[in-house]
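If you use the working numbering, the sequence shown closes out at 2682, no skipped numbers anywhere.
Please keep in mind that the hints were generated in silico from the structure rather than gathered at the bench. Wrong hints could be hidden among the right ones.
[To be verified] Here are the simulated DSSO-like pairs of lysine-lysine, each with C-alpha atoms no more than 30 Å apart in a straight line:
#1 K2527 / K2157
#2 K2227 / K2635
#3 K1676 / K1853
#4 K2387 / K2374
#5 K2349 / K2635
#6 K2278 / K2217
#7 K2203 / K2227
#8 K2647 / K1791
#9 K2387 / K2278
#10 K1641 / K1474
#11 K2064 / K2203
#12 K2162 / K2201
#13 K2387 / K1797
#14 K2401 / K2387
#15 K2278 / K2259
#16 K1834 / K1791
#17 K2647 / K2572
#18 K1641 / K1658
#19 K1680 / K1834
#20 K2111 / K2507
#21 K2572 / K2588
#22 K1676 / K1647
#23 K1555 / K1620
#24 K1745 / K1593
Here the structure is a predicted model, which means the values were calculated and not measured.
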Amino acid sequence: MPRGQNTAPTVEQISKDRITLLSEQYWASYALQRRAYDRLVVDEIYIKELLGTNFNLRRIILLEFSQYLENFLWPNLNPDQCSPYHVMSVCVMVNEKFRERVQPWDAITAHPEHFGKFLSRVMHLCLEGDELSIKEQTILIMFLDHCFNSLELDVIRSQIQKIVGLTIWTNLTSERREYEFQKTPKFRKLWKLICKKDEKLENEELQTTLFERTFLRKLAEKFLHLIENIQSINNTDQYSYETVIYAERFLELFTDIIVQLPTRRFFNVVLDNINFVIRCFLSSFIKSLTKTNENMDIDITQTFIKKKIQTENDEEEEQQQQATSKTANLFHKMLTNFKFYSNFEINDTTGETLTQNEMIEKHYEKVLQLQTAIFKHFREEMPTFPLQNIQSIDKRDILNDEFDKLTDEQLKSIASSLQPPIQINNRELLIEVLISEHERVQSHLESINTLPLYPTEETIWDEDIVPTEFYNGETCLALPKLNLQFLTLHDYLLRNFHLFRLESTYEIRQDIEDSVSRMKPWQNDATIINDKTDQPQQQCIFGGWSRMAQSITNFTIVEVGKANIGELHPSRVRADVTLVLNTRADIKQEWENLRRHDICFLITCKPLTKVGTTYDYRQPFIPQVGLTYVRGCEIEGMLNIDGRVIEEGVDEKPVFSGDTRTWRVWLDPNQYQADIQATLNGSEDVYDTFNILMRRKPKENNFKAVLETIRDLMNTNAVVPDWLQDLILGYGDPASAHYTNMKNKIPTLDWNDTFIDVKHLRASFPDYKIRATEDDRSKHVPPFKLTFCDLRSKGEHAGEKLIILEPYKIPNRGPYPFNKPRQNIVRFTPTQIEGIKAGMQPGLTLIVGPPGTGKTDVAVQIISNIYHNYPDQRTLIVTHSNQALNQLFEKIMALDVDERHLLRLGHGEEELETDKDFSRYGRVNYILKKRLELLEQVEYLQKSLHVQGDLSYTCETAAHFYMYNILSRWEEYLSKINQSNNNLDILINLFPFKEFFSNLNHNLFDNKQTFENNLEIAQGCYRYIQQIFTQLEEFRSFELMRNGSDRAKYLLVREAKIIAMTCTHAALKRHDLVECGFKYDNILMEEAAQILEIETFIPLLLQTSDQQGRNRLKRCIMIGDHHQLPPVIKNMAFQKYSNMEQALFTRLVRLGVPTIDLDAQGRARASLCSLYNWRYKNLGNLEHVLQQKEFKTTNAGFVYDYQLINVENFNDIGESEPIPYFYQ
């Protein structure tokens, strides 16, 4: 049966269906009277609706829609007495919930007491259920896979631990177990304790325990027996198809087990002990799949032509054959992926990453051990082998030749003398095991470094790894998954690298299909002679046009650089591409605006369709257009009439007379080397065939830069903060990075303008006692410094729920109105205050903010408080969108933050609702302008003091002026005041800077005020003057640097304290930021639940480690809402199967990392809020929502606060997008 598409039933179909009628009688929650539970109903539904329909997806959807699992199956489950049909029904429904991506375990966690016995029934059915069909066995395997992927739930994790713990080593041979104990002695002690406990168990309990310990090994043996004894795969046989599906799901299960360290640690040794991977590769099953594939390897174009004369029955039969063939390909890819992870570069015991040198050393030890064994026992048979250097003998073909010379007994003798000893009787298997153990394998990092970053035609249209948009979750794929846990940081980056690459490939496929199909490539009847081969070839002509693609008139390789030392590919490959742009002026302008580093694609089409053939969107794409090759390239620049690259800059581009344009491009050296090697082996030269150049929209064309960033991280020793690394990998205590568990938590902090008044403060901490250091209540006005005694580890009141309140006065900053600090006006709720408190502390802070709960206000206040508490620290702000970044900036500017410390990287600052430019060069211009303004003030100050000389010419002369003329006068003035016995007249009359402040609209001093108040005014004036020279000292470097880029780099590295960018900009520019020495101490991420996992991770590593090799990051604040929009993933397979739509924020929430859930919204009416507040913890409304007139009166023209619109099933279409866009 082919993998087809299934559509969900309509409302009318649901209401009239037999399943709905049954649910209304037995389990529907809305039914007024329900019949008692009847096990025969479960059996009947399973036999007729599930098994009888071959598990038709529509029937399963109907059962799920009726809440069959939560209302009927699970509440009435008795694991000891229920029928196998009941167990199977539960598995089917849980699998369906996973497919639909709804909460799968809610019903089970609500009543978890039966889960242990239920799982045991499932395990027995897996091993003993011979009467089950292969499809039913597949369902059980899928259920087990979901269990292994849900270890965050205690009820599941406790049962899985019994299956994969140290006790699973019962399945090892005694020699292998002893070998493992020698490697890790602590396991021997634990093993002895286990054996002692076993001796005390009753016989029945012992049998149960032994069954759990041997379950996975027996399951593996059952699978191996199946694939080793199957003789052939029949293309048209339903059983063959379902057997392949079973095998794929089985590999998926075992892969998911070994890619998580808690389940891998002991199980991977058991698989190695039974040589699982090698036996799979040698099985008759995979040989028959390979044979099936060879038979199905037919020319796709000829298939397309034949379809014109095929009958429907022929099409169905071919569809069945192609489905079986695809599964054959898929199984082999999944097995290769499984082998990759079984040999992953990790110490299974400790979880530590094995470096490349450690892997080489481990390999050398194995080969040396083999050489020693041969030297001792078979010196005559293999005289040279033990004496050769390792690099000359560790290749597969050499090892195979050497082992072929030996008899079976000699091979067994060698194998038994190795450590651990190998005991195999089958010669073919034994030789393969020996070769696999001792052959040199390319490291994972080397394979990534040699992988072309541009997709080719082979990858782009391979539906096993880049599925179509119609993936419905029924099948598995040869794709990595982003679940809860990862083996190492290398594994984390590797999975994200592949998925990001393939998701980009899917988007590229859509663009290519759209552009090429619009160009309508046809075969010209006339032939031309190829200049290089002197052979006649068919010419391709184009009957249409595309805005994003043009036909190539000439393509020439102009440079192939020599390979670097240690590399096999050229250092760089450059080519010239010539187009004739006889298009509209606006389209020509778009092509001419191609910038340096833009990505384009070179395409070869060799169509077999005649002129005038209409393109049919319902038929396969490649046969219709004859697409043969796709290669990526990167624009270096457009060439001028002299053949030189036109440099980008402020200079205008030269004016061209005709329509011919030539671009110089960089090709991928890895891909070029592979293509040239293929040409030497007799294949066609790809670079002589290109006839289309396709460009893409710049916003969607960043994939290469991001992939290079991920690859750079894999090649560098990326250091994640110690307190964060385990959480990113999914291990350890989820609360370990919470500020209350951090060793460096800070009890006393300045809360600046967070609180409106002391009443607000007391309302914000209802669980704390508050004690002020100042008894006078009139002085209890903000700002406050607060000491939380429960954060103290020692000292007075340590551990108590007590806050020591210390009010203080902000020092006078000057006599002008603009010197008054800007204040926060938001009266934060207690939950928001807890979020601000956590954000100010070191560690990881997760804030979940439903719509309208003030996420941005909380973020801005955290940034402001960190800025004032730690003036030497730098904070990085990362958001998903430019809009969120601009909202943050606009609110930061409204607080007491000096704008010279703000910097906005990337595009989008033009959308800021302000005339100020916060981009790099905008800030440089601001500083240069500010410097001139400050020097003017210095000049005015100099004149007011009647000091001669040109002291306001530069920042340096101004610094001398301050040292010798300002500071001396101020110190002399303070000395006289101290001796005046608080004489107000002396304070006023001797003030040295009166003339400088003569431009005030009021008197500088007030005789009616006290001496202390007037002294504060004088000190404020001096602070104002002092600030002028402080800023000039900061700007001094800009004065010395004459280059704009140097000034921008200095601003980024030293001057800016709050730096903002989007996650995309961070991923694109990481290399540049690290190279210029960018450093930061805190990171705040807004819209964190909308950012891809890898795009959240990269901003954590935009700097190099310190001298001690540690990451200097102190705080990570993530604010988002995982119940709203996830990251945008266009392909359903990557989104659902690979879980690529799961943000790091969402994964941390799943892992149980403590969150602060904002609980009061102030945006929507209370009636609208009730639509979604059930999704959150205690989401309520702020007072103004319930009281203000705007939220109570109705909207003009609307009868109701909200209403739903029903779209009828018009013309059997229903809701639809009537016309796919045809304009360009």
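30 Å limit on alpha-carbon distance, applied to hinted pair K1834 and K1791: Answer violated: K1834 to K1791 is near 40 Å, above 30 Å.
Hinted pair K2401 and K2387, Cα distance within 30 Å: Status holds; Cα separation ~21 Å.
Restraint status (C-alpha distance of K2111 to K2507 at most 30 Å): Judged against 30 Å, a Cα distance of about 27 Å means the pair holds.
30 Å limit on alpha-carbon distance, applied to hinted pair K2647 and K1791: Violated, at roughly 63 Å.
Given pair status - K2572, K2647, alpha carbons within 30 Å: Measuring from Cα to Cα gives roughly 45 Å; hence the hint is violated.
30 Å Cα cutoff - pair K1641, K1658: Answer holds: K1641 to K1658 is near 29 Å, not above 30 Å.
Restraint status (C-alpha distance of K2387 to K2374 at most 30 Å): holds, 13 Å
K1641 paired with K1474 [C-alpha distance capped at 30 Å]: violated, 65 Å
Restraint check for K2064 with K2203, where alpha carbons must lie at most 30 Å apart: Violated. K2064 to K2203 sits at ~67 Å, over the 30 Å cutoff.
Proposed proximity, K1797 with K2387 (alpha carbon, max 30 Å): violated, 63 Å
Straight-line alpha-carbon gap K2349 to K2635, limit 30 Å: holds, 27 Å
Holds or violated: K2278 to K2259, with C-alpha atoms at most 30 Å apart: Outside the cut-off at roughly 35 Å; violated.
The structure does not agree with the numbered hints 3, 8, 10, 11, 12, 13, 15, 16, 17, 19, 21 stated previously, though it agrees with the rest.
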